[in-house]
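There are 2 protein chains.
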Amino acid sequence: MPRPAPDPGTPIDELATPRLLLDRQRLQANCERMQTRADELDVALRPHIKTAKTVPVAERASPAEHGPLTVSTLAEAEHFHEAGFTDLTYAVAPTAAKVDRCADLIAGGAELTLIADDPTTLRAIEAAGRDLEEPIGVLIEIDCDGTRGGVDPEEPFLTYLAEMFAEASGVELAGVLTHAGSAYDARGDDELREAAETEREAVVQAAGRLRERGHEVPTVSVGSTPTALSAEDLTGVTEMRPGNYVFFDLYQVGLGVCDVDDVAVTVLAEVIGHRDSDGAGIVDAGSLALSEDRSTAAHDDERDKAYGLVAGLDGQPMTTEEEGEEVLVAETSQEHGLLLTRGGQAPQLRVGDKVRIYPNHSCITAACHDAYTVLDDGEVVDRWARVDGW
Amino acid sequence: MPRPAPDPGTPIDELATPRLLLDRQRLQANCERMQTRADELDVALRPHIKTAKTVPVAERASPAEHGPLTVSTLAEAEHFHEAGFTDLTYAVAPTAAKVDRCADLIAGGAELTLIADDPTTLRAIEAAGRDLEEPIGVLIEIDCDGTRGGVDPEEPFLTYLAEMFAEASGVELAGVLTHAGSAYDARGDDELREAAETEREAVVQAAGRLRERGHEVPTVSVGSTPTALSAEDLTGVTEMRPGNYVFFDLYQVGLGVCDVDDVAVTVLAEVIGHRDSDGAGIVDAGSLALSEDRSTAAHDDERDKAYGLVAGLDGQPMTTEEEGEEVLVAETSQEHGLLLTRGGQAPQLRVGDKVRIYPNHSCITAACHDAYTVLDDGEVVDRWARVDGW
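Here the protein sequences line up with chains G and D, keeping their order. 1 is the number of the first residue of the first sequence in our numbering; add one for each residue after it. 1 is the number of the first residue of the second sequence in our numbering; add one for each residue after it.
Only chain G is shown next, with the shape it has when bound in the complex:
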């Protein structure tokens, strides 16, 4: 029995809490900004829909009706394919149990590209591909910075994997793909530019080595929001796959690639009490509405926003009257958040007051909610459902 959706036109201060809000104007501006970046860098934009997981955002972020899109789960792949997006890259290596669902999607008309960095994965894809009309396109995942999976672009294993394609009828080498996880550890613009260049170099080098061996490498794919916004040159790259930028968040603000007033998602919460000992405001949004993400802790200075930054209903971050300090979600339990300034002062909030909370990590906070309450000029204009799970 889901909570009824609010009617269009409902003002923000009449909405039941907790609730995930999406500012449509900010979303639109973020989508336009990234498309402009992709155009400037002369690469295709294949937005990663893992952050938003909703069709109306895909429609705004993707350059065309049918894609391209990047997905992180088969639930996303199936959902967006059903909504008309046919050009999909599933950017997590599939297990054997998932390959059959991939094959069903392809048989149903999806141009679904998979990734692999291991012979076992490739063999599983190959087995499924043999029953299809055309081989399944597979990108070799490249490790550009040692943060996660992928093949070292300099090692013989890369060409060994590529040779497997030549011997297999069910798969076809679609190209190479990487993700600069290390961009999230970058400090300052120089390090961000470096991370972007490292990401580019790794895939371009891998593509070059494969082409030298006679392989066709149509796709050379990079992707992360910070590198997409920091790269100075993407020569040799064909596409980028940023995802977070549609919403941004406090972590990206801390990295310096956006401002708080670019962040398109907030959690609406209401003050339901105070802690007797220090007067901390207690809101009805806790670990399950905000997530327990503490990524901004990595910034280790005033960019650390505890469990979130508290704003008024207009989206402007609050400050205390006397000290001018910002208000943070200092602690959470399952259904409660405690509001204090960084210095431990209680903000002036009464029971019944509503606040908006900017999240550390929008991909994770959005996943706490089944839908977005979409706002324009402070009024509800729509409700967009998410596709979660696997």
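Mixed in with the good hints there might be a few duds.
What the hints assert, rightly or not - Per the computed footprint, the stretches of chain G lying under chain D, defined by three or more beta-carbons under 8 Å from a beta-carbon of chain D, are: (1) 11-20; (2) 67-75; (3) 96-104; (4) 117-123; (5) 207-213; (6) 288-294; (7) 335-341.
Hints in this document: simulated from the structure, not taken from any laboratory. We put the CB at the ideal spot given by N, CA and C, even for glycine.
Keeping the supplied structure of chain G fixed, place chain D upon it in accordance with the hints.
Showing chain D alone in chain G's frame:
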């Protein structure tokens, strides 16, 4: 388009990943253990269903068909009422926008008790209660340890709030309620026993003060899994509301109130690759399947299990062959978990191997999934849907 549920009888190694598993035998044993505790301590057990959020667990945990149960959201209240549970306590102070849904439930036959620690909340409940046949029962929330909301049991504000009931027709004082959040900071059995006694004393003192003023205080309610399992005496208390115990988790193991082989929920994941730099195993369960909960970090010793403890398909924690070290989920990103020992060694795992991951905090990890795949003796016996959201 949700992923199809596995057929009963499916062996665990054939299940698609990631997936939340529930061991039915452990659940049953945990429920029996807590009922025995409640019987020994001569209090009613009103299990908090915020952890499990599924009807079959409520049926096993609650002493009778119609309850009692504790809920943390109105979505839970409505769902469990529809399933036949009528005796419900909603243990989060309601906002004005939520009070109408509470009144609808009561009008529909629920014996729904609310909580309040603020006049604004009480007035909102009162307004809704006036239209009902009987006043709404409200427990005054008591602050026993300064961790969250509630009224100081020694302050005049307690009796001030109680006097408000006398003047209001829509509400009726149902008693007092507290939650020893500080039990989660307790170190060792002595501190746990102290936390339980502090919790008891606070509500018993509050009840005594109210009775001295002529108020009836039928319910005197405490609740947390660690205090429920550590209390030596609950004289003056009428009910307890533990919730986590149905599943337990690594944090509770660290507190010393259960063992790993009592923990009833795990996340099934599959190895999909390795990190080139150190050989870390990469599984297809990341922040969205495990949560980002790091509560065991508070233990600050070998009880800190990073993002989870890795076990084989039989549920036995893995150890590395040479060093005998346990394997942890050392890092997560949205759909990836990285497996290493505490010392940073790579476990011997191949692509395609499946593992089970014990969570730090089962309430939060379970909320990442829409259902439990229920196991008995390593085979699927059922699928139990959860009720999430608000």
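- prompt: Can you name, in rising order, the numbers of the hints this structure does not satisfy?
  reply: 5
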